[in-house]
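For the protein sequence lines, the chains are A and B, in the order given.
Read in order, the letters of the first sequence correspond to residues 1 to 284 in the UniProt record's numbering.
Read in order, the letters of the second sequence correspond to residues 1 to 321 in the UniProt record's numbering.
Mixed in with the good hints, there may be bad ones.
What the hints assert, rightly or not - In silico lysine-lysine, BS3-like type, Cα no more than 30 Å apart, as pairs:
#1 A:Lys-137 / B:Lys-161
#2 A:Lys-233 / A:Lys-138
#3 A:Lys-138 / B:Lys-161
Keep in mind that the hints were calculated from the coordinates and are not lab data.
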Amino acid sequence: MIKISDPRKLLNISYQTRALIVKMLSAAGSGHTGASLGLADIFTCLYFNELNHNPENPVWPDRDRVILSIGHVAPVFYATLAQAGYFEKSELFTLRKFGSRLQGHPGLDSRLPGIETSSGSLGQGLSIATGMAIVAKKSSSDIRVFSIHGDGELQEGQIWEAAMAAAHYNLDNITAIVDLNGVQIDGPTREVMHLEPLAAKWQAFGWNVIGCDGHNISGILNAFRQARANSGKPSVILARTIMGKGIKTIENDHHWHGRAPSPAEAIEFLCQIEEIFRDELAKI
Amino acid sequence: MIYNKRENRPTRAGFGEGLLEAGLQNHHVFAIGADITASVGVDRFAQAFPDRFVSLGIAEQNCAGVAAGMALMDKTPVFTTYAVFSAIRATDQIRISICYNNLHVLIGGAHAGISVGPDGATHQALEDIAVMRCLPNMTVLSPCDATQASILTRMAILEEKGPVYLRFGREAVADFTPPELETRIGKAQLLQPGNHLTLIATGHMVWEALKAAEMLSLKGINARVINMHTIKPIDTDAILKAAKETRLIISIEEHQVSGGLGSAIAEVLVENCPVRMERIGIPDCFGESGKPEELLDKYGLTAEKIARKAESIYRTTQISS
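Can you build the whole structure from these sequences, using the hints too?
In structure tokens, the structure reads:
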């Protein structure tokens, strides 16, 4: 797929994705709005710039693999896949409906193009990425494996089992991305279960730690570049994000973790997204 | 008895042989180590194919996930540790990362059953069949001796699709299945004909059932003996044939009587041909330390106890009918 490097074009795609997320969640009547909106910029940079992939041939053996460990952000995942051309955007509005390929949390058995694994039970994706990366190394393949995590998800012990293994096997073909929005269902992560010092934790586990602003397109691209240039150890990008980014009235509000907008709210949210997009574009 | 007993061998040795053979035949087979590699019979594979052995330490949840990742890259991973750790500790990872993805992964459950002995309750897997059996896409195997463990391991790796759970034991037990005996996944083996009652056993209990049948024959009771080496998919035809022809079914397993082989058989009988049934196994309790033979005796899992119980139930059913 042709890579887009112009930050203005990428920002445009990510705000289109945000609008799609609001529309599809409103149509679904349930789902995870906050983190989906917060990850739109990172997904856009990943799928439209960083990834080696071919939406016309989703099972191309040499494609980079994306393991969505936090299955609940399926809306941003599906919207990005549709934007990249894996399937028609009209299918996005079947999200969470009976018979849909767009399951509430991604299911491999739905056969939706672009899905590499089922996910929804937190903490499992980094192990899957590790298994893939081990095989890639042993087969001398240069494919890279990207896994996407939430900060609350790092409370799962399995993440650290996998972190240990990936460093043990020097899996520099893994890039883990942590959505550091500081919020989980019960409230702020620092109150629910403190995670800091997070960078030091990953470093102590033998990882190359990269920090970035998860809403600054150039910053995200730069973080991916650093991960690509790194060798000898796996990389983790700690991306600071705002849950609900793009809709001022819901930003950082943990009540929007697992809530979908009503049709009336959706109309208001779409107006806000349009406005914020113009503001953000003016900054580039 | 028609079966010649060779030198006693643990079923884990058979598993190790089967894994090694599968590794020789197919270079996409990988083995994952969870620290107790030699104890579970994976050491020979690790020595023969160091490039295809991945040590992950004491981290079973990660092992299951890494296995899923390997299978998604078209490899056939084998993840083996004690059954209490593979089947039970990593259940959610097996459910989501392996079964929901319907990946061809062989999950080995070593040291299954009460005959683990002195290690005690924490290490005696008595619930693994129940847990693995109810997972969609999963096949559940429980070979009766080392020879069959080797055959089923090879078949599970090379011929099956989707996730497979294979349980085996620790102790050296009778190795008796003749090489000419056909083993097919999903097809129970009729080891001894009989028309008075049927003993359906799995794992180590098959040999005990054969010995029990011999004891019963001295009392004029002809016991049919079936080796249910595949618990899922269960061989419904063999169960129903036995039910119709003998009217009394006794299940024998080193597992809780709830959820395991006995339950699987009961489900078939209740829906199709209700007959008198008795489940011999662990009666909803945890195990304890002791010699394997002491523990087997306590829970009625020796040939003598099985024969005594079978005779008693048989006589009662004769009186009542």
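Hint by hint, here is what the structure shows:
no., hint, verdict
1, A:Lys-137 / B:Lys-161, "25 Å, holds"
2, A:Lys-233 / A:Lys-138, "16 Å, holds"
3, A:Lys-138 / B:Lys-161, "23 Å, holds"
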